[in-house]
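Protein chains in written order, with my numbering: chain A, 1217 to 1445; chain B, 3 to 84.
Everything labelled a hint here was simulated from the structure, so no lab data went into it.
Keep in mind that a hint or two might mislead.
[To be verified] Have a look at the derived ranges for each label pair, beta carbon to beta carbon: (1) A:1282 x B:8: 55 to 61 Å; (2) B:8 x A:1386: 43 to 49 Å; (3) A:1294 x B:27: 46 to 52 Å; (4) A:1415 x B:51: 20 to 26 Å; (5) A:1318 x B:41: 17 to 23 Å; (6) B:23 x A:1224: 47 to 53 Å; (7) B:48 x A:1239: 18 to 24 Å; (8) B:23 x A:1268: 36 to 42 Å; (9) A:1249 x B:55: 46 to 52 Å; (10) B:84 x A:1428: 19 to 25 Å.
Think of the CB as a built atom: it goes at the ideal place given N, C-alpha and C, for glycine as much as any other residue.
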Amino acid sequence: MLEHFAMIIHMIWEAITEGKLKDIFHDQLWNQRVAVPVQMDLTTLSPQTDLFKELENSYFAEFKLEKIQTNDWRFVTTSRRYKAIRNLKRGFRGFGLIKDAKVIGDIWCIVPTQIGKPIQHPDLDMLGIQAKENEVYAFDMLIDPDFRGKRLAVPIQRALQMALKADGYSTFYGFYWQDNLPALWMHRMLKLKELPKRRVSRFFFSMKSVSFGSANVPASLGNTTGKGD
Amino acid sequence: MNTKDVIKDFIQTEIVKHALDKPLDDTDQLVESGIVDSLGIMSLLSFLEERFSIQIPSEDLNPENFESVSTIVALVDRQQTH
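Please put together the full structure from these sequences, using the hints given.
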């Protein structure tokens, strides 16, 4: 709880100092925004090595609470560090691309905590996804602004998928907002299967989500494998 | 300039922004080489829609349609005939 409040306070302060206070409210108020749920069959994922070979002194690792609390890994912002601590305490799993002890990209996921107990997350209700046993949901990827445009988003997602596959999970879910072109592009580079879209309206804690149409999947995205990239 | 040359010129001057080893070829792999990435696609899409007065639907925003100058020209042609 303490981390949550610390995160909120730092987020607001960072938004004020960066002149992005408007963005915080934008994240709480949507009208008919289109979300595109995506899915991947992890069992068909082809092994890939050297995903980050172009980035010297870097490695991809799962976050450990102790290492974050002792500042072994530095985050791009203070709020992100508190969010990481909060997420880990909530039982989420987080992974980061770390270069010279700095987290330059991180991504989060929720995995089943008990055998036979599917994951639960508010996003899944919004996306109309009913996860089954052994399925995982990934969310909230952030890349250090200094490292954007260096083609790290796709390898970070792929590294996460490979880690989850290695842990025996079968299906990977995520989503992107259709109006977020870089996110759309990243997901299509990953060749994830697109599920029926959702129209989402949100007013702070109140949210309404409606499925519309069928999955509008480009022919090239009909498969759910990670092959081809 | 024809469609192909206009697109080549834009990619060269606005996305690559530096001299290439050789002139951009019609079949050079733009996605695989990283020339068209998640940021490059934003400027390229804006340019194509404005320059050719077309609307490219999200279903057509996939790597296959942007993998080379030739496939981009084909995409523009298809949208112009709609």
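Looking only at beta-carbon atoms, does the pair residue 1415 (chain A), residue 51 (chain B) fall within the given range of 20 to 26 Å? holds, 23 Å
For the pair residue 1318 (chain A) and residue 41 (chain B), does the Cβ-Cβ distance stay inside 17 to 23 Å? holds, 21 Å
With respect to the beta-carbon atoms only, verify the hint that residue 8 (chain B) and residue 1386 (chain A) lie 43 to 49 Å apart. Given range 43 to 49 Å: holds, Cβ gap about 47 Å.
Within 46 to 52 Å or not, the Cβ separation of residue 1294 (chain A) and residue 27 (chain B)? Holds, since residue 1294 (chain A) and residue 27 (chain B) (Cβ atoms, about 48 Å apart) stay within the stated range.
Check the following: the C-beta atoms of residue 23 (chain B) and residue 1268 (chain A) are separated by a distance inside 36 to 42 Å. Roughly 25 Å apart at Cβ, these two residues miss the hinted range, so it is violated.
Hint check for residue 1224 (chain A) and residue 23 (chain B) - Cβ pair distance inside 47 to 53 Å: For residue 1224 (chain A) against residue 23 (chain B), whose Cβ atoms are near 50 Å apart, the range 47 to 53 Å holds.
Could you tell me whether the CB distance from residue 1282 (chain A) to residue 8 (chain B) stays inside 55 to 61 Å? Given range 55 to 61 Å: holds, Cβ gap about 56 Å.
Could you see if the CB distance from residue 1249 (chain A) to residue 55 (chain B) stays within 46 to 52 Å? Between residue 1249 (chain A) and residue 55 (chain B), where Cβ atoms are some 27 Å apart, the hint is violated.
Look at the Cβ atoms of residue 48 (chain B) and residue 1239 (chain A) and judge whether their distance stays inside 18 to 24 Å. Hint holds: Cβ distance 21 Å, inside 18 to 24 Å.
Assessment of proposed distance window 19 to 25 Å (beta carbons of residue 84 (chain B), residue 1428 (chain A)): holds, 22 Å
In summary, the structure is inconsistent with hints 8, 9 from the numbered list given earlier, while agreeing with the others.
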